[in-house]
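Asks: Here is what each chain is made of, one letter per residue.
Protein chains: 2
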Amino acid sequence: MHMFSRRLWLKSLKTTGFSSLCLASLTVLPAVCRAEPDSAAPQVKLVAPGIWRLRFGNPEEFTPTHFRSAPMDAAGLEAKASSRPMPLDPAKISFQVSDRGCSLHWPMKSDERIYGFGLHTELFNMAGQRVILKPTDKPENDLGESHAPVPFYVSSQGYGVFVDTARFASFYTGNVSPVGEPVKTSNGEIQTSTAELYRSRAPQVKTMLVDVPVAKGVDVYVFAGPTMLDAVERYNLFSGGGAMPPLWGLGVQYRGYAKYGAAETLALAGRLRAAHMPCDVWGVEPGWQSHAYSCSFVWATNRFPDPDGFLRKMNAMGYKMNFWEHAFTSPTSPMYDKLKPWSGNYLVWNGLVPDFASPQARRIFLRQNDTALFNRGIESVKLDECDYQPGSPKPWSFPLATQFPSGLDGEVMHSLFGVLYQQTMWQPYQDKGLRTWGMVRNSQALASPLPYVLYSDSYDARCYVRGLINAGFSGLLWDPEVRAASSVEDLYHRLEVAIFSDDAVIDSWFIPNPPWDQVDRAKNARNEFMPDRQSVAAEVRELLDLRMSFIPYLYSAFNEYRVTGKPPIRALVLDWPNDPRVRQIDDEFMYGDSVLVAPMFAGDTNRPVYLPAGAWYDFWTHEEISGGRSIEATNGVGQIPLYVKGGTLLPLAKPVEFIKPDTCFDITVNMVGEKPADFTLYDDDGLTTAYARGEQTEIELHADGDNHSLQRSGKYRGPERYKISGWTRF
Amino acid sequence: MHMFSRRLWLKSLKTTGFSSLCLASLTVLPAVCRAEPDSAAPQVKLVAPGIWRLRFGNPEEFTPTHFRSAPMDAAGLEAKASSRPMPLDPAKISFQVSDRGCSLHWPMKSDERIYGFGLHTELFNMAGQRVILKPTDKPENDLGESHAPVPFYVSSQGYGVFVDTARFASFYTGNVSPVGEPVKTSNGEIQTSTAELYRSRAPQVKTMLVDVPVAKGVDVYVFAGPTMLDAVERYNLFSGGGAMPPLWGLGVQYRGYAKYGAAETLALAGRLRAAHMPCDVWGVEPGWQSHAYSCSFVWATNRFPDPDGFLRKMNAMGYKMNFWEHAFTSPTSPMYDKLKPWSGNYLVWNGLVPDFASPQARRIFLRQNDTALFNRGIESVKLDECDYQPGSPKPWSFPLATQFPSGLDGEVMHSLFGVLYQQTMWQPYQDKGLRTWGMVRNSQALASPLPYVLYSDSYDARCYVRGLINAGFSGLLWDPEVRAASSVEDLYHRLEVAIFSDDAVIDSWFIPNPPWDQVDRAKNARNEFMPDRQSVAAEVRELLDLRMSFIPYLYSAFNEYRVTGKPPIRALVLDWPNDPRVRQIDDEFMYGDSVLVAPMFAGDTNRPVYLPAGAWYDFWTHEEISGGRSIEATNGVGQIPLYVKGGTLLPLAKPVEFIKPDTCFDITVNMVGEKPADFTLYDDDGLTTAYARGEQTEIELHADGDNHSLQRSGKYRGPERYKISGWTRF
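Residue numbers (my numbering), protein chains in the order written: chain A, 1 to 730; chain B, 1 to 730.
Just so you know, these hints were derived from the structure itself, not from any lab. Certain hints may be false.
Just so you know, same-sequence chains aren't split out, so a pair can sit in one copy or run between any two.
Derived DSS-like pairs: lysine-lysine, alpha-carbon spacing no greater than 30 Å straight-line [what the hints assert, rightly or not]:
1) Lys-394 - Lys-138
2) Lys-394 - Lys-92
3) Lys-45 - Lys-92
4) Lys-340 - Lys-109
5) Lys-660 - Lys-313
6) Lys-432 - Lys-394
7) Lys-340 - Lys-92
8) Lys-338 - Lys-92
9) Lys-92 - Lys-660
10) Lys-660 - Lys-723
11) Lys-675 - Lys-723
12) Lys-675 - Lys-654
13) Lys-109 - Lys-523
14) Lys-723 - Lys-338
15) Lys-259 - Lys-138
16) Lys-109 - Lys-394
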């Protein structure tokens, strides 16, 4: 109970509305009073309860805090008041400046684990290695390069550290030895293999080393616990709070074939409706533009002769629209000459790279996008190709040596390009007081408030799950989208993960027919359908229906993310910090507060699932399972292993095909286990930012034995979103 | 004829003796008069005929030229006088400085090819990509990371460029587009695969971009042609001329099992002699030290109770000795406390990292190595682990943030560590006027004079050949050593490459018996020998004998390398710059001036061999083959495809098992084809640097039809090295 009452109090204090943000006001901390370089001790400043800023030397100007997407949620942080001392002792932090940048190191505990650093898909506990924070389009690596390299980590010691830099910083998480630390030498035995030579020569005393290129100083923010989850929540509130999706953003997105024009798109969209396949958002790929790679931001009238007519017809079918683009601006674009002085000095695919750090570039870029897209009322965008290729011999994006009129260089711009692009494209929605829910291929620090979900060209199913789990440590959202499938089984398993993610996307940009008609790409292109496509479609429909059932529950989790900073999808180690058996679990996750998800992969007939201590209930059989142990899941395809925590209320909706302005979810409240905690549903218009002005109603569900009740509070007066039609014992 | 007379004249001018070099005198160019940063036009200075220095901005202090291994060979360069204009137009070079460093770009020709950049094993023509110059222990990559990342390239336009930096510079060789260059847009067709999306969107106008981190200015040296070989020769003379091996250095090296002490080593060394297996150098692995990983530089008296006695017995068997070490200094080493103030501030394997850029560290380090090794008269060393691990999640070497007392940071030190370590360990030999021929795992620019051959832990046979070919572009030597073999056939093929390289090494550090007894590692460890080991040993002996036959010929090639800068092993494109069919050939090479080598690999039964225009002769059959075409080689194992150029003299020696102070090679001069060019043999003591004081005799071989003659000139008065016992038509 106390959690939700505190949340109410929070909201009354929370800063409202980001729509008036301009570049000049993005800096939350004054750029004055910077310390002398190489000073021995940092300036320490309490930023908010449980958050300290340690200023070392003379920090750079262009850092993540300089380009904040939203103000810090000071009220939310006040409400999370902490009396804990600073977790790091400034006296034990060594700071050095050199021509090539600056570095810091401090002692670690010998068994300290490190999580976070953004959207990693191969790494989990990152202690004992070097993590290099570079944006990449090849995230399946063990180096730390990712679609969202975030200089923030949480330590198993129960605190978080954010290094405010847009440089390609390296974190050595316990595998370097400063001279002067006590050492224990190896026995010096002679070895006859390189593996033996290099193994087990780890230092005995562990040190965290942070290497920041270029900068002659840096701000380090320390976030108190007591738990890692507390530190993550503080980081998200420091970032401005969690992103708030429109209700339709939680539905299913289908992205159509890239070569389709208006007529084929309308026909395919009609086929989905005729098949009653749940779908809220339709994604249009590059073909809408007269030139793509690089982009013209002008409609291709040969394929789309009547854009407004096309959009009207799609809207009439109930689709919200998402349009693909990247930022590189073709010489054929009408804005080219205007944009040129506000672009970087290298081209990408012969296109200009807009300097999104300059208000001029944002304005010119938005004006063209307004004309093409926003003024036509499209609901969201997909921002592609805004990442980098550090590990490629033939990188296609702008070189690190690029200079931008705002003063950013190519390295800083690559770190921030995704964030600045998101901010630019979010602006029209903020100006109109509308929510959006877009896609983006690159992000970085302080991204929690940005309503964009990361996606990838990479496609390893296990990496996709690990990415989903890791994203929650760093204020990121992740879309493990379904594209190709090696088999129908693979299609089901990939869909099972997609529906339990931040954005349920089926991205069919390279196949003319939906994958449930034909998973084989070549056959799909020839319109050769699978003989059992009807039953496959029925199975897919059931999975998408499952997503739709969870929308009210998920919407509550996102509201909580917004207000308290608690991520909707979390590694088990965030919820059970003291259970040693969850420390390395990177293939199970919490989805909201009640549901544990343990995906299966193509080829699996069974998998172990560790359930933390307490009572759990199999979602499908309702069988009670006692936790604190590993069980073997043998679920068939379509029935992803799901376990509901005992002592919770799980509201599930009757699935709808898509969300209309007057959609009212027909909800059954599942009472799971003994003494279920209260659950809050959030009722608002689902579309605008009026919730931030208090136009939201909380519906608190309460059950006590066979008695149950619900209590509404709040100022939302529009059509009701929820009808509670039943309470049932799980 | 004219070549050799010019060479004589050169020698009379050449600066002699490097033994008095000290750190203070290593800078060849004054560090004064540095330009203002970001100046529009570079300062241009003619450094030598055909070499210009372009100074941009304010260059860093710690660059390759600052730490030269030898003075520029000004006399050699004078002799190569050139009246060609500077190949690059300074007015077309754009220079930028930013916080993160500086960059330069200039136009390329659309069909320009780029070779060089050090010891690459996967790349060859490097046009159209990004080459990142980082030292690595994993050289088999396509990024540009290698054991010797050298910021020098030659262009097919017939010139060379050296960027004087120890930073991890990137070269974008024609795949970036500065704004302002004319562009041709693609057709903007909609694609449905990522491969299609990114393919063929290359810029229409090509640009070379050099990105130098940290530095606010840089010196660029331009080397005139007219051919790429001219540019390479000028670069090598600028570096101080090619390395000069002792005669024994061209023999065979065998490295013994790491766990063997003195007794087992002596027994094995005796077995090689009993088997009459050619071997000049015996390598002792880490076991000689009381602690290794990190190193004590103190004998392990349990394994080697009497070092001097051991060495005496090895010498008595005719072995020259090579000892393994790395630089990281164990706390158990007697020099630890003295070295500590002259070391980096991070440890490696709990050992100190000596600051070889400081004379103090060199002195302390050498004093201990003198005690252990040099004062005992050992002939050479193997310098291991001096590279870096940029692509590893768990790098073991010092971090880039390391600071050294001399002022170098970890990045610069990693670039130069191999070079500085080589210089340090070369010093005792220079002081005594002796030559050495060591091994090293990392090098960088201006390394031509260093008597160390690079080797690797990587082991791809094709990469080894490509490394051998690439090394010649950048003043490097490469040892494609034989370690494991997947089969007897693989052993033969690997040996075939090793004997036609700069150092013929069989490195059996992880097997107790020679590989010809047993190629299977596990069986070798159990002393289970191959049933046909006698015939395998005989075949191996024949291959090593072949190496020994070529020593006089190879010694001439190295003398030419020293004096004219012409590398002994060269890509075909260096000798035939105008033949379009050799432009991509990275699996054939010239060995000296007369012999083309085309290695075969395990599993091959045949291979195409391209022979440039002119007459060629099969080495084995003496059959004449007309060139300008590709032929099919079907050589069996043990008979590596070799082709002798028509119009040459090829002196071959009767093989000896090893080279003694009084060894006199019994030589047959093969007269190959019509009108053979003269050939010069070099007679000197083979051991000391007296040759540099003129104590060398040239023996010019001359043939005209059936008439042949030889002419001696020079001042060497020791025992004669060569007896010409026959002249024969090939």
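Asks: Each of the hints needs a verdict: does it hold here or not?
Replies: Right, here's what the structure says about each hint:
no., hint, in the structure
1, Lys-394 - Lys-138, "both (13 Å within a copy, 19 Å between copies)"
2, Lys-394 - Lys-92, "between (43 Å within a copy, 24 Å between copies)"
3, Lys-45 - Lys-92, "within (17 Å within a copy, 50 Å between copies)"
4, Lys-340 - Lys-109, "between (52 Å within a copy, 26 Å between copies)"
5, Lys-660 - Lys-313, "within (15 Å within a copy, 93 Å between copies)"
6, Lys-432 - Lys-394, "neither (41 Å within a copy, 49 Å between copies)"
7, Lys-340 - Lys-92, "between (48 Å within a copy, 22 Å between copies)"
8, Lys-338 - Lys-92, "between (52 Å within a copy, 27 Å between copies)"
9, Lys-92 - Lys-660, "neither (57 Å within a copy, 61 Å between copies)"
10, Lys-660 - Lys-723, "within (15 Å within a copy, 100 Å between copies)"
11, Lys-675 - Lys-723, "within (23 Å within a copy, 103 Å between copies)"
12, Lys-675 - Lys-654, "within (25 Å within a copy, 96 Å between copies)"
13, Lys-109 - Lys-523, "neither (56 Å within a copy, 44 Å between copies)"
14, Lys-723 - Lys-338, "neither (53 Å within a copy, 80 Å between copies)"
15, Lys-259 - Lys-138, "within (25 Å within a copy, 42 Å between copies)"
16, Lys-109 - Lys-394, "between (41 Å within a copy, 19 Å between copies)"
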